[in-house]
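Let's have the full structure, built from the sequences with the hints guiding it.
Protein chains in written order, with our numbering: chain G, 1161 to 1262; chain P, 1155 to 1631.
If you are wondering where the hints come from, they were derived from the structure by calculation, not from laboratory data.
None of the values given here were measured: they were computed from a predicted structure.
The beta-carbon is built from N, C-alpha and C at its ideal position, and this holds for glycine as well.
There's no promise every hint is true.
What the hints assert, rightly or not - Partial pick of chain P residues on the chain G-facing surface, computed with a CB cut under 10 Å:
(1) Y1235
(2) H1286
(3) D1421
Unchecked claim - Computed far set for chain G versus chain P, every beta-carbon distance over 10 Å:
(4) D1182
(5) L1185
(6) E1197
Stated by the list, open to error - Straight-line Cα separation of at most 35 Å, DSBU-like style, residue types lysine-lysine; simulated pairs:
(7) P:K1283 / G:K1170
(8) P:K1242 / P:K1411
(9) G:K1241 / P:K1186
(10) G:K1259 / P:K1411
(11) P:K1508 / P:K1491
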Amino acid sequence: MKEKINIDVKKVAELARLEFSDDELKVFSTQFQAILEYISQIDELELDDVEPMASPLPGPQRLRPDSQEKNTADTPEATQKMAVANAPGSMEGYFVVPKVIE
Amino acid sequence: MEYEAVIGLEVHAQLKTRTKTFCDCSTVFALKPNIHVCPVCLGMPGVLPVLNRKIVLYACMLSMAVEGTIENRSVFARKNYFYPDLPKGYQISQYELPINKDGIIRIQTDSGTKKVRLNRIHIEEDAGKLMHNHDGTSFVDFNRSGIPLLEIVSEPDMASPDEAVAYLKKLRTILLYLGICDGNMEEGSLRCDANISVRPKGQTQLGVKSELKNMNSFRFIHKALEYEIKRQTDVLEDGGTIVQETRLWDEASGTTKSMRSKEEAHDYRYFPEPDLLNLEVTSALLEEARKNVPELPDAKAKRFVAGYNLPQYDAEVLTASRDLAGYFEDMVKLFDKPKTASNWIMSEMLRFIKDIDTGIGSFKVTPAQTAKLLGLVEDGTISGKIAKSVYERMVETGKEPDGLIKELGLEQISDEKEIQEIIKSVMEKNQREVLQYRAGKEKVFGFFVGQVMKATGGKANPSMVNELLRKNLKEVK
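Have a look at this one:
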């Protein structure tokens, strides 16, 4: 393998809103390193003529018409009830969350 | 030192589809929260997005309208961030390979037509809505979650608040002509953020920019940009430096305020959306888009100038709304004096119309009725002045002009004998003024015209009154 890739696991964890102990961060750091080094083998290939691939699956995505097919039997009340059914907090059909203002 | 502003705009246009971007929930505005939602737009685990074809069609139509490039192949990406209005923890957007690139929007400035270049137009989904309470909680409603948006990004080609507003108005007009967005800024179906920096005049390098948000009307955008130019100029003149940041327009104080955000906040870690394959635009869809693009405001204005011999100004006022332009064209089909028709629309009709985008369709007076009214002025049945008061009644009642004129007894008096009689009696009642006139005081002529008009309730044919008065006043008894 070529040069060592450095990855800030702590920052990645913060962005993902995950909390880890220092020991865990060390373990992940080693594992992430290994993954990145494995992937970096691609850098050794001559790829100038290869178009970047967004998906390994072939073919274009299928589109749907702009019309309603499902949910038509549900009343607004039933839809609302379904929506907030598993919410930790809800009131009058709203999800309730701790106040966040950016 | 003199400074100049550099402005670029990012516009989000909500698309007028029946269903959302990746699910078939309704896009109709609802007062009750969370009733137009499903597992897809609520971001439940395991659901898969399926793109609405109409959005692709609309994106292509807009690209054609602004002479942009439609990419045969584009890619969706995840924009990752945490916020309670974003149920999945990411927004599906387009990043490296958007559906549309480039494009031009032409605006009129004091120094002529200016081309504002577009950088890109891409498809993305809207987030939900938050309502903040005083008790430390926020309410979340996902009815808006997943509603389709086109983000239209301009190059930093605008140099003043006026130009920025002209650009936005033009873009809005194009969206309305295409019928793909309702353009309502107050309700948020058209939203605008601005990137703005200042630099010493003549310098080519761009200054440090700030990003302005929360401006939901043309007026606020103008005011916010004006304020920000002054603020940045003041900072630089005092030897300070501009900090790159997001600022919110605060209408109450008439200022922009820094939005302090966490350092990590803008690390979106874009990556291709694994749940969606490449988006390919088929030739059938392109053909359909082409058929759906109507004659656009610039082309229409050009045709109005060339075909109807109208001044550029008139052409622009009339083509600012597709409905208004249609109204004018329907009118001149029946009344062959385009400039007279245009004058009437601009000075009379538009007084009664608050919003030219929504008000024309429900306006009570039809183009045919207005044409008929102007015809009655042309053939001398009524005077221009009376036409205005008849028109007011037409606007109220929607009645035909000829009927109203009869009903109100407003036909113009063009009978020479009748006018002659009236002049005679006016002269008899005002003998002192007659003598003054004959003694050379020609100013009293206007007094006689006024008296005759008063006696006929304004109905006498003005040119006949003038002619007969002169004749009568000259004669020595």
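Tested hints:
1. Interface restraint check for P:Y1235: the shortest CB-CB distance to chain G comes to about 9 Å, inside 10 Å, so the restraint holds.
2. Checking P:H1286 against chain G: minimum C-beta separation of about 6 Å stays under 10 Å; hint holds.
3. Taking 10 Å as the C-beta cut-off, the interface hint given for P:D1421 holds, the closest approach to chain G being about 6 Å.
4. With a minimum CB-CB distance of about 20 Å to chain P, G:D1182 clears the 10 Å threshold, and the non-interface call stands.
5. With a cut of 10 Å on Cβ distances, G:L1185 stays outside the contact zone with chain P, its closest approach being about 16 Å.
6. For G:E1197, the condition that its CB be more than 10 Å from all CB atoms of chain P holds, with the nearest at approximately 19 Å.
7. Between the alpha carbons of P:K1283 and G:K1170 the distance comes to roughly 31 Å, so the proposed pair stays at or under 35 Å and holds.
8. Restraint check for P:K1242 and P:K1411: satisfied, since their Cα atoms lie roughly 30 Å apart, inside the 35 Å limit.
9. Between G:K1241 and P:K1186 the CA atoms are separated by roughly 12 Å; this keeps the pair inside 35 Å, and the hint holds.
10. Taken as a hint, the G:K1259 and P:K1411 pair is honoured in the structure, with Cα atoms around 20 Å apart against an allowance of 35 Å.
11. The suggested pairing of P:K1508 with P:K1491 holds, with an alpha-carbon distance near 26 Å, which does not exceed 35 Å.
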